[in-house]
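Asks: I would like the entire structure built from these sequences, with the hints used as guidance.
Number of protein chains: 2
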Amino acid sequence: METPPTATAIDPEDHPLESAEQLAEELAELVRMGDDADLSQYVEQLEPREAARAVCELSDEDEARLLERLIPQQASALLIDVPEVEAVEAVAALPPETSAAIIQHMPSNKQADLVSALADDEADAILAEMSPTDAIKLQQLVSYDPDTAGGLMQTEVLAFRESSTVAQILQRLRSDAGRFRQLDIQYAYVVARGRKLVGVLRLRDLLLADDSATAGELMIEDPIALDAQTPIAELDEFFDDHAFLGVPVVEAGGRLLGVVTRAAVDEQSQSNAERDYRLAMGVVQEEIRTMPTLKRSRLRLSWLSVNILLNVVAASVIAGFQNTLEQVIALAVFLPIISDMSGCSGNQAVAVSMRELSLGLIEPRELWRVWRKEFTVGILNGLALGILLGAVGWWYAGNPWLGVVVAVALGTNTLVAVLIGSSLPLILKARGVDPALASGPILTTVTDMCGFFLVLGLATVMLEYLV
Amino acid sequence: METPPTATAIDPEDHPLESAEQLAEELAELVRMGDDADLSQYVEQLEPREAARAVCELSDEDEARLLERLIPQQASALLIDVPEVEAVEAVAALPPETSAAIIQHMPSNKQADLVSALADDEADAILAEMSPTDAIKLQQLVSYDPDTAGGLMQTEVLAFRESSTVAQILQRLRSDAGRFRQLDIQYAYVVARGRKLVGVLRLRDLLLADDSATAGELMIEDPIALDAQTPIAELDEFFDDHAFLGVPVVEAGGRLLGVVTRAAVDEQSQSNAERDYRLAMGVVQEEIRTMPTLKRSRLRLSWLSVNILLNVVAASVIAGFQNTLEQVIALAVFLPIISDMSGCSGNQAVAVSMRELSLGLIEPRELWRVWRKEFTVGILNGLALGILLGAVGWWYAGNPWLGVVVAVALGTNTLVAVLIGSSLPLILKARGVDPALASGPILTTVTDMCGFFLVLGLATVMLEYLV
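As given, the protein sequences belong to chains A and B, one line each in that order.
The first sequence begins at 1 in full-length UniProt numbering and counts up one residue at a time.
The second sequence begins at 1 in full-length UniProt numbering and counts up one residue at a time.
Calculated from the structure, these hints are not laboratory results.
None of these values were measured; they are calculated from a predicted model.
Fair warning: there could be bad hints in the mix.
[Unchecked claim] Covered stretches of chain B, going by a simulated chain A footprint (3 or more residues, C-beta under 8 angstroms): (1) 69-83; (2) 333-339; (3) 345-359; (4) 379-390.
[Stated by the list, open to error] Cross-link-like lysine-lysine pairs, in silico, DSS-like; alpha carbons within 30 angstroms at most: (5) A/Lys110 - A/Lys196; (6) B/Lys137 - B/Lys110; (7) A/Lys110 - A/Lys429; (8) B/Lys429 - A/Lys295; (9) B/Lys196 - B/Lys110; (10) A/Lys429 - B/Lys295.
We put the beta carbon where it would ideally sit given N, CA and C, even for glycine.
Replies: See the structure below:
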């Protein structure tokens, strides 16, 4: 964050997708024919995002060859900008020693993200290629939930003893300038024995201080620090309430573990929101249309095939009432409406629970609170929608009893849908299942079955009034 | 962003929802009974987010009374942290002169967000209470698309002439310290006649320079600047590629308009992603369960009532084939499946187009490109899903022809759904309609109608093989 704006003219260029395809072709040619220096130079002159996109266009083999031929620093810089799923695939495809060398050049939080996304045996193979100290540190990081301070922190911090002088600190900063440049460093920390955090140094104060002043004299004592378990909702709130660029992370005894930056929290919140949207729309893994067709088809089918089976299960309820349907064929018109509308009502409740969870406003155990709040809304909306559809049913069939059947069925099922929809994210989260992925399909299967059963069951009971 | 970490202990407190309700009660009591000083002091000691949540819990009357009784600075600080919809309602409810006074204490980008969200007559009434210069400036800001550099920039920048000395600049900084503190200022800009941007000053360099040095000597010449029309996708990419905290915004001739910060871009991207999710799930306006029940019911119904009408329209296709249905009642089992599955396939394509739009990978006019890419996936997935459901149909009805009918209908409709789903966001965006809001309902209505027509139409044509 500290790099100064450098001389370049106004820059309103656009990057149409075609250019990524072109770059990928040029890159693929260099990978296959050029020498290492040419390749390295070519990658160097690309903008990071441009380079990342071109890498995504490469075939898996070309991508592996590229990463092996670059020096580890360069390969690591490239992978940091690539979407995580793509980076994970790439790392898994390389020999473990190459992967280990590349990963060790990444910031600690990126290392942890990548390793925790790998299959266990792949991760173990890569960890085995690292020094035992590095491997243990990394395993420790991987153990944190990615949506907590521990999971979001970088462990690369500047930490000094109270007795360190400004001259010593500046010396250390200068010698490591290259490494710290890319690490968003704004503060240095002062630690006592056992790495216990005792103070914060602003880099600004260092610049203005006398060379012989000590860290202990310049530091701000008793700094704010957050526990490694602090969830992202609270981190978000923390950075809203405080104008800091980063906050130190400590474990129970006050030992300094790392620093969480505002940028890391913002990035994770944004990617969580994007992920919720993607999963709500049935896209299980990020898809860009330049990806190979077969892969895109396969990714989409992985979701659709589960859905079609659930749909068949739900529709089997209809099959059980074939006799009623034959006698009151008008009901067939209302089945898809009841199915779709209950899904809509339930999804709204899912979304509100997801939002309250991500804001830290509810805990997974507060089911009762949520139900109480949804019950009233479910009754009101069930009444409104039931009456509306009931009127349509009466008018369409010319029989008020058909109106009653669809009204009661939709009204009741609306209440069922909001109660189930609101509680699913809480229940799934408490059981460690991803609520964004599972809420939709489970919800619609249950509400479909329940809705079909209600309308056809009621119709069967009232059959004499309907025919 | 420049405020230093100050002395406070470790802070792992949690904010359960109950506390917001309690705070709101205490606040409401003070609003009704306490004097202005007590009220002001009470608000002052709350954390910003805590205060914002309590305000959301207040009744509309108490909220208005609170904002009127606080001094404008304090009211403005409070409203900045409240969700935008809530802030807009509050401002609209106040007398225009009070609203104007409060709004004028906000940073320029917040002013613009708020005013552009107001109804035209309310906005005009408030602008009429401002000085003509301020009103014109604000109107200018409101005219930018909120997803561009112009819409995201703050106009409060530090700008100096080349001849200004360090002593003069530092003097200005100190005198305005309070105002600049909350503005994320990291750089100052050097402008020539007509406010044309000619250089950037790092605040860090100022601190180390001689008092008599001039801005012209210290500045970095020809700084990177972005045009006011730069879309958010490019801003996102810019901050990924450059380690800056902010970038100056200029208009065509190079005149300095303001600065876009990394934080503003991140915040907007996050809120766009959250909004996409919310709308995809049918929540048209942010809902928190502590809001009044009637309001929550009304907000949800505003979406559901449109949906139920569209559903009735789509289902009317089924009514037209009552005769066929009566003879092949098994078809009733497959109607909801075809409706739901086509919706799923179409939604996936919507999500991929939304993502590519937000990444700046496609332009709204690139329909042909998108169709070409979707056609192959649509054929593949249509084949897979069609064959699967066809097999179920054959097995269920014991008649291969019923299998053929549902297979062809679902297969064809899958292709239709991905072609429509992928193009809707582009078409809507090109026409200035919100793609996130409109894609879902339009898509499912069209695919439902098309799917029902395909399966029932085919069945009618092949009736002799089915009965």
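Asks: Would you mind marking each hint as holding or not holding in the structure?
Replies: Here's how the hints hold up against the structure:
1. 69-83: Coverage by chain A is violated for the region 69-83 of chain B (1 residues, Cβ < 8 angstroms).
2. 333-339: It holds, with 6 qualifying residues against the three required.
3. 345-359: Coverage by chain A holds here, the residue count being 10 at a Cβ distance below 8 angstroms.
4. 379-390: Coverage by chain A holds here, the residue count being 6 at a Cβ distance below 8 angstroms.
5. A/Lys110 - A/Lys196: Measuring from Cα to Cα gives roughly 25 angstroms; hence the hint holds.
6. B/Lys137 - B/Lys110: OK: B/Lys137 and B/Lys110 at ~13 angstroms, within 30 angstroms.
7. A/Lys110 - A/Lys429: holds (24 angstroms)
8. B/Lys429 - A/Lys295: holds (28 angstroms)
9. B/Lys196 - B/Lys110: holds (25 angstroms)
10. A/Lys429 - B/Lys295: holds (28 angstroms)
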